[in-house]
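S.K.: Residues per chain, in single letters:
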Amino acid sequence: MVTGKKSKTGERIAIAILGFFSLAWVFPIFFTVYESFRPYNDTTKDGYVSLPKHFNFDNYWNALIQSGMWRYFINSVEVAVPAVLITLFLASMVAFVVSRYSFKFNIALLMIFTAGNLLPPQLIFIPIFRLYLHIWVPTIINENNVLYDTQLGLILIHVAIQIGFATFVLSNYLRTIPKEISESALVDGASVWAHYFRVILPLLRPALASLGVLMTTWIYNDFFWAVVLLKSGSKRPITAALSNLQGEFFTDFNLLAAGAVLALLPTLIVFFVLRRQFVAGLTIGSTKG
Amino acid sequence: MSKIDIETKAAASGENLGRRRRSNNFTKRDRAVIAGLVGGPTILHVVFVWLPAIATILLSFCQWDGIGGLHDIHWVGFKNYTQIFTLYSDFKIALRNNTLWLLWFGLIATPLGVVLAYYLDKNLKGTKFFQTAFYLPIVLSLAVTGIIWDYIFKVNGFLNIVLGYTNADTAPSWFGDPHKNIWVVLGIASWRHIGYMMLLYLAGMKSVDPSLREAASIDGAGEWYTFRKVIFPSLRPVNIIVVVVTVIEALRAFDLVYIINRGKNGLQVLAVAVYENILGESQRIGWGAALATILFVLCLGPIMIYLYQNFKKVD
Numbered sequence: 016m017v018t019g020k021k022s023k024t025g026e027r028i029a030i031a032i033l034g035f036f037s038l039a040w041v042f043p044i045f046f047t048v049y050e051s052f053r054p055y056n057d058t059t060k061d062g063y064v065s066l067p068k069h070f071n072f073d074n075y076w077n078a079l080i081q082s083g084m085w086r087y088f089i090n091s092v093e094v095a096v097p098a099v100l101i102t103l104f105l106a107s108m109v110a111f112v113v114s115r116y117s118f119k120f121n122i123a124l125l126m127i128f129t130a131g132n133l134l135p136p137q138l139i140f141i142p143i144f145r146l147y148l149h150i151w152v153p154t155i156i157n158e159n160n161v162l163y164d165t166q167l168g169l170i171l172i173h174v175a176i177q178i179g180f181a182t183f184v185l186s187n188y189l190r191t192i193p194k195e196i197s198e199s200a201l202v203d204g205a206s207v208w209a210h211y212f213r214v215i216l217p218l219l220r221p222a223l224a225s226l227g228v229l230m231t232t233w234i235y236n237d238f239f240w241a242v243v244l245l246k247s248g249s250k251r252p253i254t255a256a257l258s259n260l261q262g263e264f265f266t267d268f269n270l271l272a273a274g275a276v277l278a279l280l281p282t283l284i285v286f287f288v289l290r291r292q293f294v295a296g297l298t299i300g301s302t303k304g
Numbered sequence: 038m039s040k041i042d043i044e045t046k047a048a049a050s051g052e053n054l055g056r057r058r059r060s061n062n063f064t065k066r067d068r069a070v071i072a073g074l075v076g077g078p079t080i081l082h083v084v085f086v087w088l089p090a091i092a093t094i095l096l097s098f099c100q101w102d103g104i105g106g107l108h109d110i111h112w113v114g115f116k117n118y119t120q121i122f123t124l125y126s127d128f129k130i131a132l133r134n135n136t137l138w139l140l141w142f143g144l145i146a147t148p149l150g151v152v153l154a155y156y157l158d159k160n161l162k163g164t165k166f167f168q169t170a171f172y173l174p175i176v177l178s179l180a181v182t183g184i185i186w187d188y189i190f191k192v193n194g195f196l197n198i199v200l201g202y203t204n205a206d207t208a209p210s211w212f213g214d215p216h217k218n219i220w221v222v223l224g225i226a227s228w229r230h231i232g233y234m235m236l237l238y239l240a241g242m243k244s245v246d247p248s249l250r251e252a253a254s255i256d257g258a259g260e261w262y263t264f265r266k267v268i269f270p271s272l273r274p275v276n277i278i279v280v281v282v283t284v285i286e287a288l289r290a291f292d293l294v295y296i297i298n299r300g301k302n303g304l305q306v307l308a309v310a311v312y313e314n315i316l317g318e319s320q321r322i323g324w325g326a327a328l329a330t331i332l333f334v335l336c337l338g339p340i341m342i343y344l345y346q347n348f349k350k351v352d
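Read top to bottom, the protein sequences are chains A and B. Count along the first sequence from 1, then add 15; that gives the number in this note's numbering. Count along the second sequence from 1, then add 37; that gives the number in this note's numbering.
What you were told as hints is all true, and nothing was included just to trick you.
With a Cα cut of at most 25 angstroms, we get these calculated DMTMM-like pairs of lysine to aspartate or glutamate:
1. B:K65 x A:E198
2. B:K266 x A:E26
3. A:K246 x B:D102
4. B:K301 x B:D206
5. B:K159 x A:E26
6. B:K191 x A:D61
7. B:K65 x A:D203
8. A:K23 x B:D158
Keep in mind that the hints were calculated from the coordinates and are not lab data.
Model the full assembly from the supplied sequences, consistent with the hints where possible.
M.R.: Quick look at the structure:
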């Protein structure tokens, strides 16, 4: 078993290299967390690489309460939750029709949705931006009466783009489920709506969960659209609002570290608690496609 | 039992062809419901994605200062494009940076993801921990990523201190030096991209039929040969996704450079150039639209490949 011995040493080397890199991989995150617990004055005096004199939650308190970051978390929820729910609802309807009935337009429709999702956002945003300046909304939503600078506008664009990806994934998923299950519903004389609502939606549940987790993360992490479509810093979701903590002339970097850690906490929860769904969402398109 | 029920039952027990014909035989109400189910989402998607995309391409051939109404739009042909290539100095840097980004992702970051996936697929000791570490950056936003790495690369940050540069005036400025910063940013972007690629490939490798590998090892094939001839070819669907993701991520790059220095001073990219021409100090909508159209043309190849691969078997 000469080869066995040889591959054992090879394995050890591989483990050592992987170990080194995986530690290097997480190091910047731990370093940021470390700095977030230290006061600005300490790191200015002693530098970032130094033992802590003070180590406390002051930066978190200041970021959340004094800088009002809690408000941005609410903004994130207000945008991400409706956007994801509406997207999943609309996409599941289209996926249902194109995978359960054979219309001539099915493939063309799916191609429009799939390709639309791949278009660069920059190609879309110029007319959207101009359009949002002219679409009227009631004063309750925006006192300037235009869709620009409203969370509603942000939700709309997220839904419109994400529908493309969600429809593609859900219709692929439905295609792997035998049609016989649907046909028993037809035997019962169910209407199209009942077929969708009572047969298809429950079948889609695992795919909807994965997609929901993935898209919530994407929308929560969105930076471009929030920066482009929301002028008021106070309306921005947390990810885009982080640039508010970067001052023009002075930035408290320890406060910013605390802000960054706060902003990544929800995604870490997704990572550790809902990882299976997240990974399934990412790979669903690649292995079933 | 109503007549329709009997008909449906008869059809359901009949042949496949009969079934399909039956299920497309809708009542008026069903037709309306189907039209609503498909029509609503489609209109939303077309109005907010496709029409703006087409409008941008048209606008790229026009001149418009954006202040006057739509009647102020004038057709100028290719003038925006020629001006961008000749007069707009940031464009060349942006195009170079996006190309670098693409090459770096394609030739370095993505292959590294494959290598990682290959070793993690062997279920070595500690593989759970390794996977967790490499996955982690994928869930983080690029904005947060930029802030996190700032503590490493800023002038008085971790790297310079470890390298012994304690004087802030003589220490290298990793983000400030326009000859260095793009490489630093590519490294940071890879931090996320490598893990993402590893995730996709690992999922693909797990789904490779184990009997194929066994057959190869019984035939005495070496590791490299097995990977090249057996594993890699069966990863075809993953490869297509990877090409699309790699190209599109490289061309869309915006968040990271914007959070680091607003995409200036060596970090110009096309996406920021579009933004600058629409929301920046000087509003040149024609230029912005032309830049966005160039971005779109660069994305077109992978989009077409992806569509072709996904829809050819459906036909």
